[in-house]
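Using the sequences and the hints, build the whole thing.
Residue numbers (numbering that gives the first Met the number 0), protein chains in the order written: chain A, 0 to 322; chain B, 0 to 98.
Among the hints, erroneous ones may be present.
As the list claims (entries may be wrong) - In the DSBU-like style, the derived pairs of lysine-lysine whose C-alpha atoms are separated by at most 35 Å in a straight line are:
id	chain 1	residue 1	chain 2	residue 2
1	A	189	A	203
2	A	181	A	265
3	A	19	B	1
4	B	41	A	181
5	B	1	A	240
6	A	181	B	56
7	A	240	A	265
8	A	71	B	1
9	B	41	A	71
10	A	121	A	157
11	A	248	A	43
12	B	41	A	248
13	B	41	A	265
14	A	301	A	240
15	B	1	A	278
16	A	19	A	189
17	A	19	B	56
18	A	71	A	121
19	A	71	B	56
20	B	41	A	278
21	B	1	A	17
22	A	189	A	301
23	A	314	A	268
24	A	265	B	56
Hints in this document: simulated from the structure, not taken from any laboratory. The structure displayed is predicted, hence computed values, not measured ones.
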Amino acid sequence: MGIPIASTLGMLGDNLTKRKSALPLAGRVVTAWADGLDLPHGGKTVIYTGQMWQMVPAINAMGHQLAQYEEKEADGMFRMVRRLNRLVNLTSFLARTTAAEREVYYERLRNIARLLKAAGVKFGYLYEDDWYAGALAYDEGLDPAFRAHAQRVAEMLKRHGVERLITVDPHTTNMLRSIYPKVVPGFHVKVTSYLEVLAEHPPKTVRPLDSTVTLHDSCVYARYEGVIEPPRELLMHGGAKLVQPDLEKGLTFCCGGPAETLFPTKSGKIAAQRIEQLKACSPNVVTACPLCLASLSRAAPKDVHVRDISDYLVKAYLPAAKA
Amino acid sequence: MKVDPDFLDTLRLGGEFNARQCINCGTCTALCPLGMEIMPRKLFRYALLGNKEAVLKSTEPIYSCLLCKMCEANCPGGVHIAENVRALRSYLNAEVLEV
Ligand code: SF4
Ligand code: SF4
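This is the structure we're talking about:
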């Protein structure tokens, strides 16, 4: 009973080994967000998404599919699916997404790139070489597949002559900044989260925020990477008023997202608990991680608005888009 | 209870496993959002005692850990709890689940 662990993880590991991602997306799905932004190809400093934002709609769809098997006996079927997936990439069947669902997440990436530009940061993009960094495989202990992949990513970055990566989510930041140097000998690429970059060079506030918000710290940013003050500084500098729960910063409470794939019920309960803590402070919940955003959005009742921090930063720091 | 004296060494092959520093205070279990009695203190006891069978029976807690480090941030023993859980997963993946 329960989602079969071996076949599910096996499939993620097989995908990483064969197709360079735990949930392999079509090339255009990875890069379409950058259309119209005129980001130069490559360069010493690049924005690196690690495909996390692009992957969230697929993770949501996959989670939805898997949840149906939480109370069933499905080992045999999952073993068969894994075998088949070795031959054909089943991601687009198992995790079907619509253009509208993808667009919600692309918009966040576009906003982040626009904010960096407004802050005067010069950066390029690797387009089809913006590869997944391997966080899920690492977390699930799929060590051989992860190590081989990390080596491959490091070689690709070297080929491009990349010296500095600007990351846009905590999991990719953690992989490239803290884990790769341990598993890839000689990996010395400088890795900075866009929140740290912006906090250091904040763009001018053009439309001060007139909102009271509560910030949900991602466990990975706060406890693994020490990224605690940058989101606060950026929100407050932009005019937002922060009202925080007791469980914040280094004591933040998880969004439940990491258990979503294998234990969706547990994951939902933890997310609901976190939403209760946050909503006691403000109905405007701000996240700084695509997985926290997805997990807390699922658990939020109608009167709680969960938004990514970039949604607020765009309002504060960029001029209104022309109609 | 069958004891496997080499169990801890086998776990260490997958990376760090520093549960020996655990003073069994219970802070981690009290703070863990999963609210499972076994997480993570008892699990580490089993590993330290070489109780391989009990660890093998604990796949659900091992894979449901969020690696959120709420426990670790408050652990007086300085136990690298998340890394230890990852080491257990790595072991189970290779030895039992064959992934
Ligand atoms: S908090 Fe640390 S020392 Fe205390 S029981 Fe948990 S692992 Fe052991
Ligand atoms: S890291 Fe795992 S054991 Fe520790 S508090 Fe989080 S869920 Fe519980």
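The hints, checked one at a time:
Taking the CA atoms of residue 189 of chain A and residue 203 of chain A, the gap is about 26 Å. The hint holds against a cut of 35 Å. The hinted pair formed by residue 181 of chain A and residue 265 of chain A meets the criterion: a straight-line CA distance of about 32 Å does not exceed 35 Å. For the hint linking residue 19 of chain A to residue 1 of chain B, the alpha-carbon distance of about 41 Å lies beyond 35 Å, and the restraint is violated. A hinted pair counts as satisfied when its Cα atoms are at most 35 Å apart, and residue 41 of chain B with residue 181 of chain A qualifies at roughly 29 Å.
The hinted pair formed by residue 1 of chain B and residue 240 of chain A fails the criterion: a straight-line CA distance of about 58 Å is larger than 35 Å. Proximity of residue 181 of chain A to residue 56 of chain B is assessed by CA-CA distance (about 31 Å); at most 35 Å being required, the pair is judged to hold. Taking the CA atoms of residue 240 of chain A and residue 265 of chain A, the gap is about 32 Å. The hint holds against a cut of 35 Å. With a C-alpha separation of about 32 Å, the suggested pairing of residue 71 of chain A with residue 1 of chain B holds against the 35 Å cut-off.
At most 35 Å may separate the alpha-carbon atoms for a hinted pair to count; residue 41 of chain B and residue 71 of chain A meet this at roughly 29 Å. Proximity of residue 121 of chain A to residue 157 of chain A is assessed by CA-CA distance (about 19 Å); at most 35 Å being required, the pair is judged to hold. With a C-alpha separation of about 32 Å, the suggested pair residue 248 of chain A and residue 43 of chain A falls inside the 35 Å cut-off, and the hint holds. As the CA atoms of residue 41 of chain B and residue 248 of chain A are separated by approximately 27 Å, the hinted pair is consistent with the 35 Å bound.
Distance check on the hinted pair: residue 41 of chain B and residue 265 of chain A sit about 20 Å apart at the alpha-carbon level, within 35 Å; holds. For the proposed pair residue 301 of chain A and residue 240 of chain A, the alpha carbon gap of about 22 Å is at most 35 Å, so the pair holds. Annotation: proposed proximity of residue 1 of chain B to residue 278 of chain A is violated, straight-line Cα distance about 49 Å (limit 35 Å). Restraint check for residue 19 of chain A and residue 189 of chain A: satisfied, since their Cα atoms lie roughly 22 Å apart, inside the 35 Å limit.
The straight-line distance between the Cα atoms of residue 19 of chain A and residue 56 of chain B is roughly 32 Å, inside the 35 Å bound, and the hint therefore holds. For a cut-off of 35 Å, the pair hint linking residue 71 of chain A to residue 121 of chain A is broken: about 52 Å separates their Cα positions. Restraint check: the Cα-Cα separation between residue 71 of chain A and residue 56 of chain B comes to about 19 Å, which is no more than 35 Å; the hinted pair holds. The straight-line distance between the Cα atoms of residue 41 of chain B and residue 278 of chain A is roughly 34 Å, inside the 35 Å bound, and the hint therefore holds.
A distance of roughly 40 Å separates the Cα atoms of residue 1 of chain B and residue 17 of chain A; the hinted pair therefore is violated under the 35 Å criterion. Between the alpha carbons of residue 189 of chain A and residue 301 of chain A the distance comes to roughly 41 Å, so the proposed pair goes past 35 Å and is violated. Taking the CA atoms of residue 314 of chain A and residue 268 of chain A, the gap is near 32 Å; set against the 35 Å cutoff, the hint holds. In summary, the hint linking residue 265 of chain A to residue 56 of chain B is supported, as the alpha carbons are separated by about 19 Å, within the 35 Å threshold.
Of the numbered hints given earlier, the model fails hints 3, 5, 15, 18, 21 and 22; all others are met.
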